[in-house]
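Participant: Sequence:
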Amino acid sequence: MSSKFLKIEVVDISRLEVTAEPGGPARLTCRGIDGRPIEIHLAPEAMTKLEAFLAQANLEQAKLHKMH
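With the numbering used here, the residue at position 22 of the sequence shown is 22, and numbering never jumps.
In silico BS3-like cross-links for lysine-lysine, where the CA-CA straight-line distance does not exceed 30 angstroms:
#	residue 1	residue 2
1	LYS63	LYS49
2	LYS66	LYS49
3	LYS49	LYS4
4	LYS49	LYS7
Keep in mind the hints are simulated off the structure, nothing from the lab.
Please model the complete structure; the sequences and the hints are all you need to start from.
Facilitator: Printed below as a string of structure tokens:
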């Protein structure tokens, strides 16, 4: 069964460039498992969602660390 999603395994993130204006686009520079460079261009809305996902993940991890 094949997935409709494009799957790219990223092994390293070397840079995140965000424009100076609030809510601007961003570019994420990565390296794939095969060593190839990958650039991901994020629209402002996508960058906002990514920031929200990362903030939520950080909160969840903090909760787990408090339990231990």
